Amino acid sequence: MGRTVRHLFVAGCVLLWLIPLYLLVVNALTPATEYAGKPEWTFQGFAFLDNLDTAWNVAGIGDSFQSSLLYAVVCGLVAVLVAAMAAFAVVVLPIPRPAFWFWLIYSGTLFPLQMFLAPLFGMYADANLYDTRIGLMLVYTAWAVPFAFFLIRNHMTTMPPELTEAALIDGASFPRIFWRIHVPLMKAGLGAAFIFQFTAVWNDLLLGITLSRSPDVQPVMAALTTLNNAYSSAGPPVILAGALIVSAPTLVLFLVFRGLFLRGVTASAR
Amino acid sequence: MTGTTTPAPGAAKPTHVRRGVPVRTPHQAAKAGGGRLGGPLAALPWALPAFAFVGVLLVYPFFRSVYGSFFEENGFTSSFTGLDNYTRLADDPIFGRSLLNTLMWVAGTLLLPVLAGLLIAVATHRMRFGGIAQLVIVLPFAISGAATAVLWNFMLTSEGAVNQVLRGVGLDSWAQPWLLEWPQNTLSMIVASTWQATGLNVVLFAIGLRAIPRETVEAAELDGASGWRMFRYVTLPQLRAVTVVVVGMAIVNSLKAFDMIWILTKGGPARSSETLALSMYRETFRLFHVGYGSAIALVLSVIVVASSWMYLRRQMPDVSGTAAQS
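If you read the protein sequences in the order shown, they are chains A and B.
Going by full-length UniProt numbering, the first sequence opens with residue 1, and the numbers climb by one from there.
Going by full-length UniProt numbering, the second sequence opens with residue 1, and the numbers climb by one from there.
Don't take every hint at face value.
[As the list claims (entries may be wrong)] Across the chosen pairs, the derived CB separations fall in these ranges: (1) A306/B - D131/A: 28 to 38 Å; (2) L180/B - K187/A: 46 to 56 Å; (3) F46/A - F63/B: 28 to 38 Å; (4) P31/A - W228/B: 44 to 54 Å; (5) D131/A - V191/B: 34 to 44 Å; (6) P215/A - L41/B: 22 to 32 Å; (7) A248/A - G82/B: 47 to 57 Å; (8) L15/A - T216/B: 27 to 37 Å; (9) P215/A - R286/B: 14 to 24 Å; (10) L163/A - G82/B: 40 to 50 Å; (11) P175/A - D92/B: 31 to 41 Å.
What the hints contain is simulated information worked out from the structure, not anything from laboratory work.
As the structure is a prediction and not an experimental result, all values here were calculated from the model.
From the three backbone atoms N, C-alpha and C, an ideal C-beta is built for every residue, glycine too.
Please model the complete structure; the sequences and the hints are all you need to start from.
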């Protein structure tokens, strides 16, 4: 590739990728009342906080934001803990048929979510879990476990077995070996798994719109969709402000923990 | 995600380890550690929570869904109809369109983000400010599918930014309601999804490029390779491992595409832009054809599993060999 062509190509791509982001920011800042019905290309003032206020309070993104934060943090943590314990059992402990357990737990990621939805809906309706926070947390945790398990298991197989043996000879119990040796040594892997599952739960739309309805239970992506459906009444600046704020947590996580984040992604496919 | 892993080779078979023989496999090593680990059941409590979550909330519903696909069910009554739901699929024009759209998604999200990702990664490799360019392109990956869809909705509506630009540069005849007619609604959404997904591929390819040993490139240069020949015969083969990963993920993710379509068109107008993932949702939760929806979900599952399995078996013989055994 010639140097000039190469530079032009990269510049063109950067421009193509930046324009939508630029439009997102500019129009999220435009005062909703001054929005003229078509996209603005220059800054029309700073009304981001007003737009955000409308989206946050009137459209209920605020409640959902808090719910989603709860779901993503709690389910991410529980899933990583449960998955680490299962990985410990499959990799370190003498469980019979480790391959069977592996595929049993891992099978949860192989199928599209659609395959679980209808029966889950029925089960939730019967168990009075439909449209409850605890119900969503249960399914998010279950959904996050298989992949976290896969990441952590891969990481755990790289630990030298001598560590476990030495601890056993010193008379350490399983919980002690797990908490004092494996968990501290696998901090990076556990962190990558947590960030990955936090993002997955935060970004979920399908489970949210299927298993919940009330504004204080619905996850944030479902709330954003509701806001978007009311396009004409709320106005694009409000919706885009909403889109910006729901992207903030994952964007910050990504920018701060880029290394861990990408390790989580690349490990997914190794 | 495409799961491609090997449970420790031979782990499925009972292993006989004599005491004192050095062993490398972790759980064999634990066995060799003597009777300290207790019986084989001592490990079960550690696996049980994961098994409970996955078993009750994923595996059981999966089989329930398979079972349900043989019934005509509307949420209140259900009757056994055998394979009727599946024969109905064959005659349903919406299912045909949906299948076609799904194929378009797979083809589109394979070609565009993978090719663009490869090109951009190669172009920015060892370039000044290349890292910044990569960061800009990867940013959309960090925002959710739903937020991306909302943004592109804003761009693609009739009075949206895309038409504004086209009219602005005098291409009035190109301006059109992007989301209201098939096939450009599906194609537009594929472009939007490319905008979001390419960044990840750029990063993955960049990691692959950095892993190519300098000596390989220098040796090729000594032999007179440069430009296209260098790319075709040196760079590309070295990127094979990354490409397998990128393509494998693209297949699975494109088949499952939901957020983007649900927010941009809801599968419409007149269900013209539905994919299998959307059709299942609409049949089950909007039209209450629960059994029929389950049948669509099963078709989709079979396609997802079969395509990723076939692809990986061809690309990574060693991995699937073990996977098939266990």
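Q | Enumerated hints in conflict with the structure, sorted upward | A | Per hint list: 3, 6, 10, 11 violated.
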